[in-house]
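These protein sequences, in sequence, are chains A and B. Per this note's numbering, the first sequence starts with residue 1, numbered consecutively. Per this note's numbering, the second sequence starts with residue 1001, numbered consecutively.
Fair warning: there could be bad hints in the mix.
[Stated by the list, open to error] Chain A is nowhere near these chain B residues, computed Cβ spacing over 12 Å in every case:
1) L1065
2) L1118
3) G1122
4) S1187
5) S1207
[Claimed, not checked] Subject to a maximum C-alpha distance of 25 Å in a straight line, what follows is the list of computed BS3-like cross-link-like pairs (lysine-lysine):
6) B:K1152 <-> A:K97
7) A:K152 <-> A:K164
8) A:K164 <-> B:K1164
9) A:K224 <-> A:K262
10) B:K1152 <-> B:K1224
11) B:K1262 <-> B:K1224
12) A:K224 <-> A:K164
13) B:K1164 <-> B:K1224
14) B:K1097 <-> A:K152
[Unchecked claim] Example chain B residues on the side facing chain A (calculated, C-beta under 10 Å, incomplete):
15) Q1011
16) D1017
17) R1148
Just so you know, the hints here were simulated from the structure itself, not pulled from any lab data. Using N, Cα and C, we set each Cβ at its ideal position, and we do this for glycine too.
Number of protein chains: 2
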Amino acid sequence: MITLVNGLSNQWIEPSDRGLQFGDGVFETVRLRHGQPMLWDRHWIRLCRGLDGLGIPRPLEADCLKELCRVANAPLVTAKLIVTRGPAPRGYAIPSKVSPTRIAMGGAVLAAEGQDRLLRIGVCATRTSLSPLPGCKHLNRLENVLARREWKPDWDEGLMLDEKGRIRCGTQSNVFVLEGNRLLTPSVSRYGVAGTRRGWLVDHAGSMGLDVREADLSLERLRKASAILLSSTVIGFRLAALVTDSPENSPAASPELVELAKAIGERMHGSG
Amino acid sequence: MITLVNGLSNQWIEPSDRGLQFGDGVFETVRLRHGQPMLWDRHWIRLCRGLDGLGIPRPLEADCLKELCRVANAPLVTAKLIVTRGPAPRGYAIPSKVSPTRIAMGGAVLAAEGQDRLLRIGVCATRTSLSPLPGCKHLNRLENVLARREWKPDWDEGLMLDEKGRIRCGTQSNVFVLEGNRLLTPSVSRYGVAGTRRGWLVDHAGSMGLDVREADLSLERLRKASAILLSSTVIGFRLAALVTDSPENSPAASPELVELAKAIGERMHGSG
Chain A
1 MITLVNGLSN
11 QWIEPSDRGL
21 QFGDGVFETV
31 RLRHGQPMLW
41 DRHWIRLCRG
51 LDGLGIPRPL
61 EADCLKELCR
71 VANAPLVTAK
81 LIVTRGPAPR
91 GYAIPSKVSP
101 TRIAMGGAVL
111 AAEGQDRLLR
121 IGVCATRTSL
131 SPLPGCKHLN
141 RLENVLARRE
151 WKPDWDEGLM
161 LDEKGRIRCG
171 TQSNVFVLEG
181 NRLLTPSVSR
191 YGVAGTRRGW
201 LVDHAGSMGL
211 DVREADLSLE
221 RLRKASAILL
231 SSTVIGFRLA
241 ALVTDSPENS
251 PAASPELVEL
261 AKAIGERMHG
271 SG
Chain B
1001 MITLVNGLSN
1011 QWIEPSDRGL
1021 QFGDGVFETV
1031 RLRHGQPMLW
1041 DRHWIRLCRG
1051 LDGLGIPRPL
1061 EADCLKELCR
1071 VANAPLVTAK
1081 LIVTRGPAPR
1091 GYAIPSKVSP
1101 TRIAMGGAVL
1111 AAEGQDRLLR
1121 IGVCATRTSL
1131 SPLPGCKHLN
1141 RLENVLARRE
1151 WKPDWDEGLM
1161 LDEKGRIRCG
1171 TQSNVFVLEG
1181 NRLLTPSVSR
1191 YGVAGTRRGW
1201 LVDHAGSMGL
1211 DVREADLSLE
1221 RLRKASAILL
1231 SSTVIGFRLA
1241 ALVTDSPENS
1251 PAASPELVEL
1261 AKAIGERMHG
1271 SG
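Okay, chain A solo, but in the shape it has when bound (with noise of 0.2 Å):
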């Protein structure tokens, strides 16, 4: 796996960097194919609306894409951008000049076929709580990998919900249920992660005959959906249910709803 750090290779980090004393930073996850990477505005407008909301100053757009594309080593393969306030004296009080810390690292090699299982999902005990930079990719992220610890080894994803008892996301992706023609979604105003493919299905569902909308959704009301879909970089959009059901109370995987989710998929990224 290669790694870059401000564009030069074999680098190490600075202990007193702030990315590592205080998670003071945001990343990216970006999916490329041959090299290219595929929704990159919108990891570039995210990426940009985090470093503001900290006081980061902004990397150069063509060396973000220069790094991604020389660390991306497989024809579709992720890659993670990390931005980070860079080396500073103790405290947190920040520096009067920074100089961000820039990486990119290879990421894992996807694969283009077995797209069609239902994925697994199971309910993490560990709660999502009010994010400190709402939808931005920070480096905070101990609750994710708290709730990813959770995971049974039958489990695809683990559900988050807030203290409230309300779905927010998955320990890594963006949910959805499905009732009739309307494709329900958490808000992300004040909690987790305002996802690239989230953002995608919200401007172009409706041309596919769906109707994107935020709602408070209960682990009822997602029993109850007619479908339950997921959505990230790695995976892109799929089916899922939830393992703690039994078979008969399982959300059905129609051939429709297979085809639909495909369909959608496959718009997203291209179907090249």
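Guided by the hints, dock chain B onto chain A, whose structure is given.
Frame of chain A, contents of chain B only:
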């Protein structure tokens, strides 16, 4: 400033370290006098509680102590000890074999004089939320970074409220108010950090005629209190006043209160 990584100087951190990737780790800021860590047992107990909560193997206590002493290069100084889950492949999943990273860093040289001045505190707009590891000093500190950014030039500390407007902590201290002989402080069972000095006060204030209790603290209650006090490793135990108050509304720093805070602070850290 000397920094040791797993006991070695001149070392940097792997970009894949989960401390950087996710804030997957904990830290302690320790006060040392002539190389001796103060209230060490409380720091060690909290560090271990955090590591156990995250499922990160504990380092040897003797290594931590030795390295803190090595980086403490002044007679009265703080030093920071960080333990992360160490480097790992990408993703939230924890590898079956982990090699934690232990970092010891020299910190601020502390002044022995000038500790009687009333600290000026403002109120931060950044709210503090439910902690993923309540009471522990985990590496997800963006809330503190954002709150610290709000400080005005004349602030010595900023208060952080929860989403319901209850006072929870300072950006880098625990908060107390005095009502009669009662010292009231917010609970740390769901929010914030269980400060080592806070713990010492809970255990020892009784012998000094004070009754420490946990209570919901509103800004209104703070304004009506006989005194506001802050505790931390760096400041010990100090009187404070809101900068937003007009002088006639500020809690009086009567000579008796100044003496009380000083006596407690000296007993906390020893008078030597």
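- Violating hint indices (sorted, rising): No hint contradicted; all consistent.
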